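Chain order of the listed sequences is A and B. Each residue of the first sequence is one higher than the last, beginning at 1 in this note's numbering. Each residue of the second sequence is one higher than the last, beginning at 1 in this note's numbering.
Listed next, the in silico DSSO-like pairs over lysine-lysine satisfying Cα-Cα at most 27 Å (straight line): (1) B:LYS448 with A:LYS129; (2) A:LYS138 with A:LYS114; (3) B:LYS237 with B:LYS274; (4) B:LYS509 with A:LYS129; (5) B:LYS43 with B:LYS109; (6) B:LYS202 with B:LYS259; (7) B:LYS442 with A:LYS129; (8) B:LYS109 with B:LYS152; (9) B:LYS357 with B:LYS324.
Looking from chain B toward chain A, a few residues come up when the C-beta cut is under 8 Å (computed): (10) HIS425; (11) GLN428; (12) GLU429; (13) ARG432; (14) MET433; (15) SER435; (16) THR436; (17) TYR437; (18) GLU439; (19) LEU440; (20) ARG443; (21) GLU468.
Worth flagging that the hints you see were computed from the coordinates, not collected in a lab. Keep in mind that this is a model prediction, so the values were computed, not measured. No residue lacks a Cβ here, since even glycine has one placed at the ideal position from N, Cα and C.
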Amino acid sequence: MTREPANRPSTCQIVLAEDNPADVMLVRRALDEHAVTYDLRVLSDGEDVLSFVNGLDADKKLPCPDLLLLDLYLPKRDGNEVLTHLRASQRCGNIPVVVLTSSDATWDRENAAKNYATHYFQKPSSLDKFMLLGRVVKEVIGRDESC
Amino acid sequence: MDTLKREVESEESMAGSKEVERISPGFSSEVAAALSQRDREQKDFLENAAIPMHWVAEDGTILWANAAELELLGYPRDEYVGRNIADFHADGSVIADILNRLRNNESLKGYEARLRCRNGTIRDVSINSNVYREDGRFVHTRCITFDVSEQKRIAELHHRLSAIVESSDDAILSKDLNGIIRSWNRGAQRIFGYTADEIVGKHISTLAPPERVDEIPNILERLIRGERVDHYETQRKTKDGRIINVSLTVSPIRDASGKIIGASKVARDITEQKRMSEIQERLAAIVESSDDAILSKDLNGIIQSWNRGAERLFGYRANEIIGKHISTLAAPDRVDEIPDILGRIARGECIDHYETKRRTKDGRILTVSLSISAIRDSEGKIIGASKVVRDITDSERQAQALREANVALRRANADLHQFAYSASHDLQEPLRMVSTYSELLKREFGSKLGPAGEEYLGYTVQGALRMEQLLRDLRAYTLASAAGQEPEGDVDANESLDRSLAGLEASIKESGAAITRTELPHVRVHEFQMEQLFQNLIGNAIRYRSDEPPRIHVAAARKGRDWIFSVADNGIGIDPRYKEQVFELFKRLHSFTEYPGTGMGLAICQRIVERAGGHIWVESEPGRGSTFYFTIPCRDG
Numbered sequence: 001m002t003r004e005p006a007n008r009p010s011t012c013q014i015v016l017a018e019d020n021p022a023d024v025m026l027v028r029r030a031l032d033e034h035a036v037t038y039d040l041r042v043l044s045d046g047e048d049v050l051s052f053v054n055g056l057d058a059d060k061k062l063p064c065p066d067l068l069l070l071d072l073y074l075p076k077r078d079g080n081e082v083l084t085h086l087r088a089s090q091r092c093g094n095i096p097v098v099v100l101t102s103s104d105a106t107w108d109r110e111n112a113a114k115n116y117a118t119h120y121f122q123k124p125s126s127l128d129k130f131m132l133l134g135r136v137v138k139e140v141i142g143r144d145e146s147c
Numbered sequence: 001m002d003t004l005k006r007e008v009e010s011e012e013s014m015a016g017s018k019e020v021e022r023i024s025p026g027f028s029s030e031v032a033a034a035l036s037q038r039d040r041e042q043k044d045f046l047e048n049a050a051i052p053m054h055w056v057a058e059d060g061t062i063l064w065a066n067a068a069e070l071e072l073l074g075y076p077r078d079e080y081v082g083r084n085i086a087d088f089h090a091d092g093s094v095i096a097d098i099l100n101r102l103r104n105n106e107s108l109k110g111y112e113a114r115l116r117c118r119n120g121t122i123r124d125v126s127i128n129s130n131v132y133r134e135d136g137r138f139v140h141t142r143c144i145t146f147d148v149s150e151q152k153r154i155a156e157l158h159h160r161l162s163a164i165v166e167s168s169d170d171a172i173l174s175k176d177l178n179g180i181i182r183s184w185n186r187g188a189q190r191i192f193g194y195t196a197d198e199i200v201g202k203h204i205s206t207l208a209p210p211e212r213v214d215e216i217p218n219i220l221e222r223l224i225r226g227e228r229v230d231h232y233e234t235q236r237k238t239k240d241g242r243i244i245n246v247s248l249t250v251s252p253i254r255d256a257s258g259k260i261i262g263a264s265k266v267a268r269d270i271t272e273q274k275r276m277s278e279i280q281e282r283l284a285a286i287v288e289s290s291d292d293a294i295l296s297k298d299l300n301g302i303i304q305s306w307n308r309g310a311e312r313l314f315g316y317r318a319n320e321i322i323g324k325h326i327s328t329l330a331a332p333d334r335v336d337e338i339p340d341i342l343g344r345i346a347r348g349e350c351i352d353h354y355e356t357k358r359r360t361k362d363g364r365i366l367t368v369s370l371s372i373s374a375i376r377d378s379e380g381k382i383i384g385a386s387k388v389v390r391d392i393t394d395s396e397r398q399a400q401a402l403r404e405a406n407v408a409l410r411r412a413n414a415d416l417h418q419f420a421y422s423a424s425h426d427l428q429e430p431l432r433m434v435s436t437y438s439e440l441l442k443r444e445f446g447s448k449l450g451p452a453g454e455e456y457l458g459y460t461v462q463g464a465l466r467m468e469q470l471l472r473d474l475r476a477y478t479l480a481s482a483a484g485q486e487p488e489g490d491v492d493a494n495e496s497l498d499r500s501l502a503g504l505e506a507s508i509k510e511s512g513a514a515i516t517r518t519e520l521p522h523v524r525v526h527e528f529q530m531e532q533l534f535q536n537l538i539g540n541a542i543r544y545r546s547d548e549p550p551r552i553h554v555a556a557a558r559k560g561r562d563w564i565f566s567v568a569d570n571g572i573g574i575d576p577r578y579k580e581q582v583f584e585l586f587k588r589l590h591s592f593t594e595y596p597g598t599g600m601g602l603a604i605c606q607r608i609v610e611r612a613g614g615h616i617w618v619e620s621e622p623g624r625g626s627t628f629y630f631t632i633p634c635r636d637g
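Using the sequences and the hints given, assemble the complete structure.
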């Protein structure tokens with residue numbers, strides 16, 4: 001990647017696919033708590049995420065996001081379908097994806113792994129544990145060195 | 001010819017006068033007259049006696065023959081006397097031999113020969129002959145011939161009959177009116193085992209088994225009355241004691257005057273025949289009483305036989321359908337398959353459980369299973385086919401209904417499972433909101449709520465956490481009971497135990513539990529379920545501990561086809577009254593504040609064990625501890 005290390009910490013472009021406003025709020029708090037500088041774009045159903053990815057593929061001028069936080073249980077198109085579609089995208093097929101879900105089902109974990117999800121974060125009931133998402137995001141984008 | 005004839009005649013007359021001359025010279029006229037009288041009588045005797053006689057010269061020329069001889073052969077004198085005797089013998093070599101012997105002074109007695117009559121018939125004769133010589137010179141033969149044709153014919157007949165009797169497969173014997181056996185053929189020997197020497201002279205009852213001896217006098221009586229006994233079926237006993245089924249035909253033997261002097265008896269061994277006919281009857285009865293339709297057809301497809309089962313199934317009576325073509329029975333859309341079936345039969349193929357549709361007399365369509373096999377004649381040639389038709393309409397319908405019910409059940413099960421799983425998942429989501437935001441509320445506004453507010457909030461969080469545990473267990477329970485995929489391989493129970501102990505690390509440390517274990521086997525259980533099993537049982541052992549630190553022992557032992565696992569503790573134990581109840585869903589023996597829990601742990605364990613093909617139970621002494629046992633079948637048998 002061509003970004004200069006000097007630009008860090010720059011604003012991280014994060015897309016959050018999540019239909020629950022309460023979870024959107026918690027995600028924001030978790031990112032804030034771990035001092036991530038971010039622009040958060042929230043898409044509230046699977047259809048919107050697919051259009052977003054298609055839009056990026058269609059218009060090369062639009063910037064690719066640095067990270068996708070993806071809830072698996074989305075309205076219209078579920079997270080697995082979205083993830084498959086994203087991984088097939090020419091422009092942003094490689095962006096890191098943190099799957100964000102309350103499911104601990106084996107098949108959900110397996111599907112996520114199959115589609116090269118970067119991390120599987122099971123939404124916990126404890127506030128403190130939820131806040132750990134901020135650390136996960138930091139690690140993932142740090143590893144990616146894109147912002 | 002004429003000359004020859006004349007010579008013979010003159011010779012004949014000469015012979016006559018010579019004889020007289022030989023006797024007469026020198027006798028008185030009375031004597032001569034008496035001699036002449038005697039001469040006439042002797043001449044007459046020779047000429048007219050009822051025995052054929054002739055003289056033949058050394059070369060075979062017939063010099064003289066009497067009336068009886070001419071009568072025997074049917075020649076007039078002039079066609080016989082003067083001819084060579086060889087012309088009248090059927091066998092040239094025989095007369096040559098006769099003459100030869102006579103020339104050598106042999107006297108023939110009862111020499112058999114065959115003479116040809118004028119009408120071409122052949123007579124069997126017995127010849128007695130020698131030669132009259134004068135001064136050693138062969139003058140003529142003295143030949144007396146007996147016609148033995150009739151005796152010969154009778155002898156031959158007798159011979160032939162004997163041969164027939166002898167070679168018969170049937171036992172042929174004769175007995176006199178006292179029942180004494182008089183003759184015995186080879187067939188009798190074969191059937192009864194006695195040789196003629198052994199049995200001739202014995203009483204006929206020797207051949208009857210004890211319970212049949214009574215019938216002998218009856219048979220004899222009937223014979224004496226001149227009755228025949230025809231195909232009388234009874235039993236007889238062989239020399240080696242076997243009882244055989246025989247068919248007897250007994251007929252009276254009469255002497256020449258017609259007086260009954262005994263009986264001939266033909267006995268046929270029908271044991272095998274009887275057995276076969278019994279088998280045949282039995283088979284026929286089976287066919288007739290079969291619930292399946294059994295019918296036969298020839299290679300043209302014409303129905304030849306039809307049992308009651310066929311009548312019941314198709315509705316046609318035998319007399320309605322026999323002679324009709326088999327396609328009468330085919331469902332309209334199955335008529336095409338008939339030529340193919342007939343072709344396969346003609347090639348000698350068997351058709352087994354062929355499922356097709358057939359039509360009854362009243363037009364109902366049946367689903368049937370056909371089994372068809374070729375019928376062969378005694379030379380093995382295929383002449384038709386037998387066919388067993390089984391109505392599977394009902395079973396077909398039942399199978400279909402069962403399949404549908406199964407699909408519905410599976411769908412319902414899957415739906416239920418999906419429902420329970422989704423419900424617990426979807427219920428968890430709002431709960432997560434309650435607990436997370438309660439915490440958030442407490443964290444950010446705790447100081448403003450005051451002590452009472454904080455306490456209320458505490459209960460809210462606690463309730464949410466407990467609900468969450470319940471949902472987690474409910475999910476585990478539905479997973480354990482789902483008829484999902486079978487485990488693909490064996491799991492090392494040692495590793496499962498390791499992982500579950502790691503999961504329980506905090507409570508082990510907090511309670512000071514000491515856990516011991518033996519070597520555990522590999523078993524065919526889902527990996528995560530095996531882990532959950534240990535986790536629930538050991539978790540319980542820690543939770544329901546007494547005042548002492550928990551001591552827990554995990555072991556496994558092989559018993560028969562099962563592995564028996566045990567988890568033993570020194571905890572508070574379980575009242576035996578509840579040893580069944582503890583495995584029920586949501587059953588709890590203690591208050592939540594006393595021992596927190598959802599009441600699902602053991603129900604989950606039971607589901608896991610039962611799905612693996614085993615069972616689970618508990619033995620306990622209240623106050624001293626409990627041991628939970630569960631079995632998992634061994635896969636190596």
